[in-house]
Structure formats: structure tokens, C-alpha cells
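**Student:** Sequence:
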Amino acid sequence: ASMASAESVLAAKGRSFHWARHLLGTLHAQRATRLYHLCRYLDDLADQGDSTALAQQAFADAAGSIRDGYSSDPVIQDGLALMHECDIDAGIFLDLIAGVQSDLEPVRIPDLDSLLRYCYRVAGTVGLMMCRVLDTDVRAAYPHAIDLGIAMQLTNICRDIAADAAVDRRYLPTSMVGDLSPDLLLCPSGQLSVQVKACVSSLLDCAEKYYQSGELGLSYLPVRARGGMLVAARVYREIGRQLRARDHVDWSERVVGSP
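In the numbering used here, the protein residues as written are 1 to 259.
Be aware that one or more of the hints could be misleading.
Cβ-Cβ distance ranges computed for the label pairs, FRET-style [as the list claims (entries may be wrong)]:
no. : residue 1 : residue 2 : range
1   : P222      : S72       : 32 to 40 Å
2   : Q56       : Q77       : 19 to 27 Å
3   : P222      : D50       : 16 to 24 Å
4   : P143      : S51       : 15 to 23 Å
5   : P74       : S102      : 21 to 29 Å
6   : D205      : Q77       : 40 to 48 Å
7   : S51       : P222      : 37 to 45 Å
8   : Q77       : S102      : 23 to 31 Å
Keep in mind that the hints were calculated from the coordinates and are not lab data. Where a beta carbon is used, it is the ideal one built from N, C-alpha and C, also for glycine.
Turn these sequences into a full structure, and let the hints guide you.
**Tutor:** Right, dumping it as C-alpha cells:
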């Protein structure tokens with residue numbers, strides 16, 4: 001039942017990863033699906049909660065469960081089983097929780113270093129956990145896995161500026177666009193539009209450097225896993241290239257990658 005639920009969530013919400021995981025072996029594909037389910041569950045706590053106070057409590061409960069090694073929540077419990085099965089350090093998952101939980105507050109990222117720290121927490125940590133899910137225990141692989149997660153998250157941020165602004169989040173750093181209220185990013189025009197496009201261009205340049213590092217680390221993965229992770233990375237890189245082709249910002253529709 002737990003695996004069926006994870007499969008359903010991945011099919012509905014993780015289209016890029018849903019087909020890429022078929023390039024993995026059966027065991028690794030199942031583990032990756034379970035990890036996605038766990039991460040999506042946390043995202044939904046931040047994005048779909050009716051009450052910030054209740055969401056904060058849910059995150060506190062999740063963190064407590066990770067520390068204690070037990071939860072009555074079936075998704076968290078399966079996550080704990082996956083952590084045990086793959087020898088995933090609890091501290092990595094606690095970093096992920098802290099990153100996602102920070103989205104419950106009004107988001108105003110001050111500078112690039114802060115943005116990269118956020119990207120590590122919500123996505124670089126997932127890269128680290130994927131190493132263990134794919135049975136990669138070579139420490140030299142870890143920085144590359146973190147970098148691939150950061151690259152993907154930077155791409156998401158560049159794509160979803162308006163959607164994030166609609167929920168009072170501004171990930172574009174103050175140091176690059178000024179101390180803007182998120183509502184000004186819903187449909188900027190004039191000089192502000194020029195400034196936002198310049199910021200997106202810089203962030204996509206930054207993402208490219210992280211993608212290059214991420215792809216260098218694929219050689220540490222089991223042979224069969226390399227193709228699936230390369231495809232997932234290339235799909236996300238394509239989103240950035242489409243944004244560039246559309247003059248860096250497209251408010252009319254959500255840009256998606258393609259294989």
C-alpha cells in the first residue's frame with residue numbers, strides 16, 4: 001500500500017522523475033520513488049497547509065520522529081525505514097526539514113549565499129540521500145550530488161517567480177533585484193522587468209556551473225543508474241534553456257522540460 005501511494009504521487013506530481021526512474025534498476029527505482037514521496041509530503045506541508053501553526057507543528061513532529069526513529073504517520077514511517085535500509089544520516093533529513101519549513105515564513109532572500117544555502121537544504125540534501133538510495137558510498141560523489149540538487153532548485157526558482165510571488169515568497173536575492181515586495185514580481189514591467197531578467201540570467205549562469213559539477217559526479221553511480229540521473233538533469237537544464245529562449249522570464253505559462 002505504501003509503495004502504491006508513492007507511485008501515485010510520483011505519477012501525479014513528478015513527471016520528469018516518473019519516466020526517468022524507469023532507467024534505474026527495479027530496486028533503485030522503488031527506493032527513489034519512496035524518497036520522492038517523502039520529500040513531496042514535506043513540500044505539501046509547507047504549500048498546502050490551512051494553518052501555519054499546524055504546519056509548524058507537523059514539521060516539529062516530523063523532525064522529532066527522525067530523531068526518535070519512530071512515527072505513527074505512514075509516510076514518515078516509510079521514510080524512516082528507507083533511511084535505515086540505505087544508511088541515510090538523520091542530520092541530512094533534518095536539514096531538508098529545516099529548509100522546507102522556512103517556506104512557512106515570508107520569504108525574502110537577502111543575497112546569493114543565502115539562496116545557495118536554501119537550495120542546499122531543500123535540494124542538495126536530496127542529492128545526498130539519492131547517493132545512498134543508489135548504493136553510492138564514495139565520499140567523492142557527495143559534493144557533485146549536492147551541486148546537482150542546487151542546480152535543479154535554482155532552475156525551479158527561475159521558472160516559478162510569479163507562482164512563488166503569489167504565495168508571498170521572493171527567492172530572487174535582494175542584492176540582485178532590490179528589497180522588492182513579492183507582489184511586484186507577479187507581472188513586472190519597464191525597468192523592473194529588465195532587472196528581473198538580468199537576475200534570472202545570472203542565476204541560470206550559476207545553475208549551469210552546478211549542473212556541470214553534478215554531471216561530473218555521475219560516474220560514481222552504478223552504471224545502470226547513470227542514464228536515469230543524466231536524463232533527469234538534462235530535462236531540468238532544458239527548462240533553463242527554454243527560459244533563455246523566452247528572454248529569461250515567461251509569465252504566460254509554466255515552462256517544462258522535455259527528454
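**Student:** Look at each hint and say if it fits the structure.
**Tutor:** Results of checking the hints against the structure:
1. P222 <-> S72: 32 to 40 Å: holds, 34 Å
2. Q56 <-> Q77: 19 to 27 Å: holds, 21 Å
3. P222 <-> D50: 16 to 24 Å: violated, 42 Å
4. P143 <-> S51: 15 to 23 Å: violated, 38 Å
5. P74 <-> S102: 21 to 29 Å: At roughly 25 Å between Cβ atoms, S102 and P74 fall inside 21 to 29 Å, so the hint holds.
6. D205 <-> Q77: 40 to 48 Å: holds, 42 Å
7. S51 <-> P222: 37 to 45 Å: holds, 43 Å
8. Q77 <-> S102: 23 to 31 Å: Check passed, 25 Å falls within 23 to 31 Å.
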